[in-house]
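Those protein sequences? They're chains Z and V, same order as listed.
For the first sequence, the working numbering begins at 1 and goes up steadily by one.
For the second sequence, the working numbering begins at 1 and goes up steadily by one.
In this list, chains with the same sequence are indistinguishable; a pair is considered to hold if it fits within one copy or across any two.
In silico DSS-like cross-links for lysine-lysine, where the CA-CA straight-line distance does not exceed 25 angstroms: (1) Lys279 / Lys107; (2) Lys154 / Lys192; (3) Lys201 / Lys224; (4) Lys282 / Lys76; (5) Lys107 / Lys282; (6) Lys151 / Lys192; (7) Lys201 / Lys220.
Derived from the structure by calculation, the hints contain no laboratory data.
Protein chains: 2
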Amino acid sequence: MNNTRKMILDGKIVAQAIYEEIKTEISSSSKKPKLWVILVGNNPSSLRYIKQKQKWAEFVGIEFELFSFESDVSEKELLEKVTFLNKDDTIHGYIVQLPLPKHINEKNIINSILPEKDVDGFHPQNQGKIVIWDDSWMAPCTPAGMMELLKYYKIDALWKNIVIIGRSNIVGKPIANLLINASATVTICNSKTQNIEFYTKNADIIITAMGAPHFLTVDKINPKSIILDVGFTIIDEKIYGDSDFENIIKNGNAITPVPGWVWALTVSCLMKNTLKAFKNRK
Amino acid sequence: MNNTRKMILDGKIVAQAIYEEIKTEISSSSKKPKLWVILVGNNPSSLRYIKQKQKWAEFVGIEFELFSFESDVSEKELLEKVTFLNKDDTIHGYIVQLPLPKHINEKNIINSILPEKDVDGFHPQNQGKIVIWDDSWMAPCTPAGMMELLKYYKIDALWKNIVIIGRSNIVGKPIANLLINASATVTICNSKTQNIEFYTKNADIIITAMGAPHFLTVDKINPKSIILDVGFTIIDEKIYGDSDFENIIKNGNAITPVPGWVWALTVSCLMKNTLKAFKNRK
Numbered sequence: 001m002n003n004t005r006k007m008i009l010d011g012k013i014v015a016q017a018i019y020e021e022i023k024t025e026i027s028s029s030s031k032k033p034k035l036w037v038i039l040v041g042n043n044p045s046s047l048r049y050i051k052q053k054q055k056w057a058e059f060v061g062i063e064f065e066l067f068s069f070e071s072d073v074s075e076k077e078l079l080e081k082v083t084f085l086n087k088d089d090t091i092h093g094y095i096v097q098l099p100l101p102k103h104i105n106e107k108n109i110i111n112s113i114l115p116e117k118d119v120d121g122f123h124p125q126n127q128g129k130i131v132i133w134d135d136s137w138m139a140p141c142t143p144a145g146m147m148e149l150l151k152y153y154k155i156d157a158l159w160k161n162i163v164i165i166g167r168s169n170i171v172g173k174p175i176a177n178l179l180i181n182a183s184a185t186v187t188i189c190n191s192k193t194q195n196i197e198f199y200t201k202n203a204d205i206i207i208t209a210m211g212a213p214h215f216l217t218v219d220k221i222n223p224k225s226i227i228l229d230v231g232f233t234i235i236d237e238k239i240y241g242d243s244d245f246e247n248i249i250k251n252g253n254a255i256t257p258v259p260g261w262v263w264a265l266t267v268s269c270l271m272k273n274t275l276k277a278f279k280n281r282k
Numbered sequence: 001m002n003n004t005r006k007m008i009l010d011g012k013i014v015a016q017a018i019y020e021e022i023k024t025e026i027s028s029s030s031k032k033p034k035l036w037v038i039l040v041g042n043n044p045s046s047l048r049y050i051k052q053k054q055k056w057a058e059f060v061g062i063e064f065e066l067f068s069f070e071s072d073v074s075e076k077e078l079l080e081k082v083t084f085l086n087k088d089d090t091i092h093g094y095i096v097q098l099p100l101p102k103h104i105n106e107k108n109i110i111n112s113i114l115p116e117k118d119v120d121g122f123h124p125q126n127q128g129k130i131v132i133w134d135d136s137w138m139a140p141c142t143p144a145g146m147m148e149l150l151k152y153y154k155i156d157a158l159w160k161n162i163v164i165i166g167r168s169n170i171v172g173k174p175i176a177n178l179l180i181n182a183s184a185t186v187t188i189c190n191s192k193t194q195n196i197e198f199y200t201k202n203a204d205i206i207i208t209a210m211g212a213p214h215f216l217t218v219d220k221i222n223p224k225s226i227i228l229d230v231g232f233t234i235i236d237e238k239i240y241g242d243s244d245f246e247n248i249i250k251n252g253n254a255i256t257p258v259p260g261w262v263w264a265l266t267v268s269c270l271m272k273n274t275l276k277a278f279k280n281r282k
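For reference, chain Z alone in the conformation it holds in the complex:
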């Protein structure tokens, strides 16, 4: 393995390892976990994402079912489906694929999902369990995937200075809380942070989740920083991360490639959450 390859943190390899592990565990069980996906409308990106989820569910041995609503379904009807899924003991986990049409209040839907079946990890109770380190949580899948990546590459968060740029509900804040509990010193920056280099130049690990193409350049980092780039911006049909990958890899830093690693890990952690929900039930 040459030096450059060693510097690439490959989420797809990590995801594959997670899939194999789940597959082995499920194959030895007489009952199978069951995952439902609720889709409203026919957003092409959502359909593509769901297809991937189905593919990997089938690979690991999770029963998968898609239930589609027309885009004009009422919030009340959707909530009735959620109530049905909460009560149905044969379904271990389910997600409501986001985004939802504007006439439906996403918060109302997410808050109605039974936390134990919330395999997307978006319910406030799951977010709160991360804060207080009650590991019966369902962690949101992207931050859970980052933790798997760090574990796979034996990057211990303990004693590390970690900088997170971006503070969304599904990436920045939950990964911050996970890393705080892993005994890292964590700085959460945002678009208003003054002199961001003060933090990034001192960081052992930098996580970018902004959607600001090539924001993170070599001059803003130190040669030992490890970069996890969750940025995802499409310009003229080309996908950009938040970091200047080409020059950062030349600089000798370890870094995740964009695109690919985030999505692979996110889907693998959705399967991992589904297995967890299944095992918690038993």
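Since the structure of chain Z is already known, use the hints to place chain V on it.
For chain V alone, kept in the frame of chain Z given last:
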């Protein structure tokens, strides 16, 4: 007002303002909020704290009731009481005074409290609502009190570099999440943080919640830092904060005095949460 007095951030004044505001609001309501406190055993500190809570509840017009169990009460019996309080519509909020005897699992008790009545703000759902900024939360009272202090003294968290030393479930982590959402750049340090001065010397606001007497000395801060000291350590019957108050105040920094400010604000926010629970019900 002389210069030194201006530098003291007086939580008691802020708490008094909160009490007056709550009192005015309740006095114009025909129904009164009702707060229950469950006490197990007769820990002298707990009894002293509860007496203060009763005093201020009565001052603002909140009906207060204490229910005591013997220290050998079973977890099952305590959980039955919690279930009763969850169902009783006449009770708007309640707390189970901590610490509990060792034979009772605190987590089981806290997780059983109805989040809407959890005026201590310890339930994971309330912690999670802080993360995702769903302000129907009941925030834990000490961090909620710090936010009130900042508001009272017109210290805007926006654009500020804030350093939090300590990462407990009821202080460090919830205040971090509140400040992240207030658009501050927030660094959470812990006892394992290397070169902590790197962060503290750059901080606009430093929050210490460690229990390490006089850890924060003048040489670790910059002259403009505002210090919120939540430290509380008793040595030879004397109470110490985490900061070297005497020298820091001489240095011209704004700082909270230990003891007093934390406790006053914590109790006032317990009353504020009770009023909120009462209003949310209506």
